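Colleague: For the record, the sequence lines run as chains A and B. Each position in the first sequence, counted from 1, maps to that position plus 296 in the working numbering. Each position in the second sequence, counted from 1, maps to that position plus 1 in the working numbering.
There's no promise every hint is true.
Calculated cross-link-like contacts (lysine-lysine; reagent style BS3-like; alpha-carbon spacing at most 25 Å) [as the list claims (entries may be wrong)]:
hint	chain 1	residue 1	chain 2	residue 2
1	A	Lys305	B	Lys39
2	B	Lys39	B	Lys111
3	B	Lys106	A	Lys367
4	A	Lys353	B	Lys111
5	B	Lys114	A	Lys353
Using C-beta positions, here's what the derived DEER-type ranges look like [claimed, not checked]:
hint	chain 1	residue 1	chain 2	residue 2	range
6	A	Leu365	B	Ser13	21 to 29 Å
7	A	Met323	B	Phe55	34 to 42 Å
8	B	Ser43	A	Thr408	17 to 25 Å
9	B	Thr81	A	Leu365	43 to 51 Å
10	B	Gly63	A	Asp322	44 to 52 Å
11	A	Met323	B	Thr81	43 to 51 Å
12	B	Ser88	A	Lys305	21 to 29 Å
13	A	Gly312	B	Gln58	51 to 59 Å
14	A	Thr303	B	Thr81	34 to 42 Å
15	A	Thr316	B	Glu45	35 to 43 Å
Treat the hints as calculated values from the structure; they're not laboratory data. Note that the structure is predicted; figures quoted are calculated from it, not measured. For every residue, glycine included, the Cβ atom is placed at its ideal position computed from N, Cα and C.
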Amino acid sequence: NAGVTQTPKFQVLKTGQSMTLQCAQDMNHNSMYWYRQDPGMGLRLIYYSASEGTTDKGEVPNGYNVSRLNKREFSLRLESAAPSQTSVYFCASRFLAGVTDTQYFGPGTRLTVL
Amino acid sequence: AQKVTQAQTEISVVEKEDVTLDCVYETRDTTYYLFWYKQPPSGELVFLIRRNSFDEQNEISGRYSWNFQKSTSSFNFTITASQVVDSAVYFCALSEAMIQGGSEKLVFGKGTKLTVNP
Numbered sequence: 297n298a299g300v301t302q303t304p305k306f307q308v309l310k311t312g313q314s315m316t317l318q319c320a321q322d323m324n325h326n327s328m329y330w331y332r333q334d335p336g337m338g339l340r341l342i343y344y345s346a347s348e349g350t351t352d353k354g355e356v357p358n359g360y361n362v363s364r365l366n367k368r369e370f371s372l373r374l375e376s377a378a379p380s381q382t383s384v385y386f387c388a389s390r391f392l393a394g395v396t397d398t399q400y401f402g403p404g405t406r407l408t409v410l
Numbered sequence: 002a003q004k005v006t007q008a009q010t011e012i013s014v015v016e017k018e019d020v021t022l023d024c025v026y027e028t029r030d031t032t033y034y035l036f037w038y039k040q041p042p043s044g045e046l047v048f049l050i051r052r053n054s055f056d057e058q059n060e061i062s063g064r065y066s067w068n069f070q071k072s073t074s075s076f077n078f079t080i081t082a083s084q085v086v087d088s089a090v091y092f093c094a095l096s097e098a099m100i101q102g103g104s105e106k107l108v109f110g111k112g113t114k115l116t117v118n119p
C-alpha cells in the first residue's frame, strides 16, 4: 500500500513546454485533487475529481487540464508552461462516506518554469 | 463563498511552552467539515483532524487539542508543552459536506509557520 504517489518529484521546464504530472493512489479512494502551493499563499485547488469520470475546476484552473483516467489515476497537464506556474504541486485523495473521512497527500512535485 | 483565515503568519515559542494556532472560517453551508494539517520541513502534508460542523465537542489527542466554536466561526489548535518536532507549517481547511455525487472541495488557509526553539 503505497498511498498517494506522484511523478516526477522535480521538473524544470522552459516557457512554452508541456508536461504531465502523474498521480496515483492505491487506496480505492473516490475523490482526488490537485493543489499548488506557493509561498505565503497556502494550498490552492487547481482541479478535483469527485469520482471516476468527473472533473471540476477549483480556484486556479487556468493553464491546466486534468484527466481522471480511472479510479486510481488523476493527471495534471500543463500545455504551455509559464513562469507563473513555478510551484510545488500536491496530489491528494480522499475517501468520504458517513463519518469516515480519510485523506492523504502525495509527496509533491517541485516544478520550475524558466 | 468559503474562506479560511489564519491570521498568524509565523509564531515562535520556546520548547515546553503552550501555543495556540488560530483559524477563522466563513461558509454559508450549514453542514461542513473543518481540518488541520501539518507540513513539516520535509514538505509532506499530514492530516491531523477532521471536525463536523454539528459536533462542537472539543477534542484532545495527546499534546494536541482543538477548540471548535460555531458562535465565533473558529477552530483553534493548541499544542501543549511544545517540542522541537512540532516545528512545521500548520494549515486549517474547510470543506462543504458531500452531497451524493456532489463536490468535496477543500479550501485552505494560508498556514501558520510554527518554530519551536530548544
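Colleague: Hints broken by the structure, by number, lowest first?
Modeller: Failing hints, ascending: 5, 6, 7, 10, 11 and 15.
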